[in-house]
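Enquirer: Dock chains B, C and D against chain A, hints included.
Chains as they are written, first to last, in our numbering: chain A, 1 to 79; chain B, 1 to 79; chain C, 1 to 146; chain D, 1 to 146.
Just so you know, these hints were derived from the structure itself, not from any lab.
Check the hints yourself; a few may be wrong.
Claimed, not checked - Derived DEER-like restraints, expressed as beta-carbon distance ranges:
| # | chain 1 | residue 1 | chain 2 | residue 2 | range |
| --- | --- | --- | --- | --- | --- |
| 1 | C | 126 | D | 132 | 56 to 62 Å |
| 2 | D | 102 | B | 46 | 28 to 34 Å |
| 3 | A | 31 | D | 15 | 27 to 33 Å |
| 4 | C | 69 | D | 133 | 54 to 60 Å |
| 5 | C | 23 | B | 23 | 57 to 63 Å |
Each residue gets a CB set at the ideal place from its N, CA and C atoms; glycine is no exception.
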Amino acid sequence: MRVTVLYFARMAEIAGCANEIVEKAPASASALFDRVSDRHGFGFGRESVRVAVGDRMVGWDTVLRDGDEVAFIPPVSGG
Amino acid sequence: MRVTVLYFARMAEIAGCANEIVEKAPASASALFDRVSDRHGFGFGRESVRVAVGDRMVGWDTVLRDGDEVAFIPPVSGG
Amino acid sequence: MTVEFLSPVRIDTVALRRSLERREAGAVVVFEGMVRNHHAGRSVLRLEYSAHSMVAEAIWRDLQAYARAEFQVSAIRARHRVGELGIGDCAVWIGVAAAHRAPAFAACQWLIDAIKRELPIWKREHYADGTVEWRHDASAALNVAI
Amino acid sequence: MTVEFLSPVRIDTVALRRSLERREAGAVVVFEGMVRNHHAGRSVLRLEYSAHSMVAEAIWRDLQAYARAEFQVSAIRARHRVGELGIGDCAVWIGVAAAHRAPAFAACQWLIDAIKRELPIWKREHYADGTVEWRHDASAALNVAI
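Okay, chain A solo, but in the shape it has when bound:
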């Protein structure tokens, strides 16, 4: 299974990219976050990050599907 992961703000800065494709992605959003966190060392714990699949915010136990676009949302600062 292959998903696209989107990064924003400080996470994009640390990853050095705004998005990347993850091959052989794990089944859940939380496991995917753990994998990319290990690789990039974001320094954001899961308790401070939210996750979106497509245009919807979802829970960490959401099961991913092939082709999903998964965004990790660090603490926001809009407004």
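Expert: For chains B, C and D alone, kept in the frame of chain A given last:
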């Protein structure tokens, strides 16, 4: 003692004028209100009316002076 | 003397808003009271505002000074119309600039409440059924100290 | 689809305000978030906003629907800037029209709080000392359900 009394809104409509001069005016704002109320029959009790002398809201026991401009303020509806 | 609070002509809301620009202000909250086409279930065609101008201007200066002391705000501007107004016209405009949004909202809301409660201003409504009435709202009769 | 919430160009506040005209609305409350020249005691020169556009637009539609159901309002309009902004630029504009002022204030305040809390938007501040930082406010990390 002579004072000018100002009327507004429904009170001016009932009095038929926006101001009038009261000769031999009583010493207090409350007595003045009672006198003009008796004359015009405003239908506003003192509990719903406020009084201003010059540009200042004052208490009903305020002692009037010759030449004062006294305004009786019925319930307001600005804004 | 400051610019007057009561305006016999159309309120220039764009110019008022522009006069609130402050480099340190992160929040601007504006309240506009518009003439609406209904009151208490009756259809309203137009209205007039009358005021005791000298007292209204003096109390407005007091309210503004109180709000500046009570809330952390950078700037306050306001105008209230007098004279004849049609549906959709701006009757009262209040703008507050502040570093943060909470005091801007609080001050703006406090000011419109105080204006409606304290200022000697009256509206006369012209209804669709032909009647014309000065409004003397019972709730506004309470003399609440600021 | 509705007009988009996120704007890569200057927000036309006058046109937005005009689009809120309603004959039954007696109250309009507007909140404007401006870029201010300081944050947490540091001097700010300019900033950038970045967003997850697709999610931000979707959540904004949810927030708007929730506010329409929860508060007695006639109309809601809002825009949030993305891209580069200077001091004094409008970063976010929210306008609410309602028959009465209490729901207009309540809805406007609720909307700006929800926008700041829920939407995937980030600001990057350029400070006078030469440093540049993405802001990730701890208080915004709480995922409060609407």
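Enquirer: Against each hint, give a clear statement of whether it holds in the structure.
Expert: How the hints compare with the structure:
no.	hint	verdict
1	C:126 - D:132: 56 to 62 Å	holds (59 Å)
2	D:102 - B:46: 28 to 34 Å	holds (31 Å)
3	A:31 - D:15: 27 to 33 Å	violated (47 Å)
4	C:69 - D:133: 54 to 60 Å	violated (35 Å)
5	C:23 - B:23: 57 to 63 Å	holds (59 Å)
In summary, the numbered hints that this structure violates are 3, 4.
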